[in-house]
Amino acid sequence: MGQTHRKRAHISPANWSGRMVCRTISPPRCSLHLRLAFGIAMLVAPPFATQAATQEFITVASTTSTENSGLFRHILPLFEHETGITVRIVAQGTGQALETGRRGDVDVVFVHARTQEDAFVAAGYGVARFDVMYNDFVIVGPAGDPAGLAGIDDAAAAMAAIAQAEAPFASRGDDSGTHAAEMRLWAAAGIEPEGRWYLSTGSGMGATLNMAVQVPAYALTDRGTWLSFRNRGSLELLFEGDSMLHNPYGIILVDPARHPHIKAGQGQTFIDWLISSAGQEAIAGYRIDGEQLFFPNAE
Amino acid sequence: MKIERDLHPPILPLRLDRAGFAVAGEKLLQDISLSIPAGRRLIVMGANGAGKSLLLRLCHGLIEPGSGRRLWSSGETRPLAQAMVFQRPVLLRRTVAANLAYPLRLRGMDRATCRAMVEQTLERFGLTSLSERSARLLSGGEQQRLALARAWAMRPQILFLDEPTSSLDPSATRIIEEMIAAFAAEGITIVMSTHDIGQARRIAQDVAFLHRGRLIEHAPAEQFFDGPDAPEARAYLAGELVW
Amino acid sequence: MSDPFSTAFSMIVSGDPAFMEIIGLSLRVTLSAVLIACLIGLPLGAGLALARFPGRSITIIVFNALMGLPPVVAGLVVYLLLSRSGPMGSLALLFTPTAMIIAQSILILPIVISLTRSVVEDLWGEYREQLRSLGASRLRAVPTLLWDGRVSLLTGVLAGFGRASAEVGAVLIVGGNIAGHTRTMTTAITLETSRGELGLAVALGIVLLTLTLGLNAMVWFAGQWARERLG
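Chains as they are written, first to last, in my numbering: chain A, 1 to 299; chain B, 1001 to 1243; chain C, 2001 to 2231.
Here chain A stands alone, though its shape is the one from the complex (with noise of 0.2 Å):
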């Protein structure tokens, strides 16, 4: 079974399958009674018609912000194509992506967050971490910009400028890798962020944008995430470049040692695809509105 066409309208959110499976199954042609087990018997035999339907197929554990981006059903069908292999991806916090694959739920984690995805494989929860690439953090904030970051390059300074006025600032409040990465910058800024203009909201990178508009607030976000969001309201773009602000994106095979059931050979064969010259020309492939959201950087 598979399927040679889709038509897809132009209104249909594109990221809702980044695979298809055609599971068309007619009914036999029998008496009602038949039919109504039949019809039964599918609706409560749902995992058993899915696995027979997907052979081949890894879990990943990567982070709501790559997910949201847009990235993975650019490149997913690709490797799909050319393996076989259906890349199955739950998107979490990089905090709750590390402790699925501590749990040994996911085959894969490919996060953002390099200090604990370091620790992650020195406590043996992973084989060994690859650079995959990177994509950078950007401030965004109200257009009128009332904590005057227009004419700071230092991208700390531009975080103690934002504390130093008070302005409202909406933070992911979570174990996430853009949290770890505003904690770093508040460190470089030698701040401890409180107050009734810091919002911690708790939730993921969209959910803190969606406050932020509301507020309106800055928040610190990953560029691709800021790309692809559509519910900007009032924010703007107001501080980039910074070397500081660099993203890098790690890629760790779960130990199979520790998780006997870890589907190794095909987890690899993605990690192995990914850092590639076909996986790392499809990253760079990946634009919205003619800009390039991630940059490959495997060695």
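Hints are computed from structural coordinates only; laboratory data are not their basis.
This list has only true hints and no planted wrong ones.
If we take Cβ atoms under 10 Å as the criterion, some of the chain B residues that face chain C in the derived model are:
1. R1057
2. H1060
3. L1062
4. L1080
5. V1085
6. V1090
7. L1092
8. R1093
9. R1107
10. S1134
11. A1135
12. A1147
13. R1150
14. M1154
15. F1160
All C-beta atoms, glycine included, are put in the ideal place defined by N, C-alpha and C.
Guided by the hints, dock chains B and C onto chain A, whose structure is given.
Just chains B and C, lined up with the frame of chain A:
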């Protein structure tokens, strides 16, 4: 069609031996000794609250005597060959036919026999045209007829009826009384409570009179209606308030 | 933000396969969960109505309280159970539709049990003597009462369906919102909201509501019809 009743051992007479029933220390039935022989029509009379309904329930086995004993001659605790019709029949939310089939299937009757039995019962009581109607949507009289038919289908040796016509109009009451008479003619023992003295006169062969939970008179109907021994029964028959 | 109503309308009309797959999965997961919860909850609720045992009141209170179980907690419990590091990890069910069905079944079960208990208890009050007179034991009364209470019980089943189809917390945690595999209406709405595609999110919400509305209307009219016919 074989009459199942004949296959059961006779369960009558039913004897109560100093039977009593109390709720939270209040004695609602006291010291009742009574024998109900086969083939008779016994009417239970007494003022409201005298214990008529309770006595029927005690005999039928819906409640157990707190003191004394209830003895069926077959030695069973609760023989199957008995049925009860309540003042307000509880019909299942199903068709008339399904209501008739329900107790039969409970007794393990096989489908084919059950269907034949239901059809026979529908015909016997002129309910065939109603067989697919929902029982809950019948009129009060029709519902009580169905309840009686359901009881009959269970092939009881004894049938208890708790004021079966008290919420019915006279024409429906007449039909029910005719049904009861027909049951009796088939040899089914009737034990019925009523507060309608005229009805009691029409049906009774024997009368049991209850007063404040005690059986104070149990006599053949003629003797009872001519002049009961107990002053409370006399007063009741004279239409006075007794309590 | 484009007009969500027209977006919703054209989404339905276009019949986009990815979209249809999401609707299909949502319905399949939720209806399966309702079915399972009913298979377990109806007899259990009826049993609870009829049985007398020490601790019965506590049991009833617990099930009543569990009707308010936050979906995310149910999801977390199922997650910890099904995780590879959990007691049932070897089943490899995490991040599958089956896991979502399990989580939603757990969410709905208390509703089905509690409402069944209440309906059957009322009915039992009315039927008790008559059923006993006809020769039905308590155990045998259970299917009778369930069948005779079927119209009222539908309300409970619908409440369960409503809760399951509306929740996102449980399916998100145990399903993982994997595109083409475990993405449902509610997790897609969450995703589109986080992408700032609010119009699309609202459109999806409209579709979800329309589905729920249609199903409720069907059950309502079936109930009315049954009431008229069965009394």
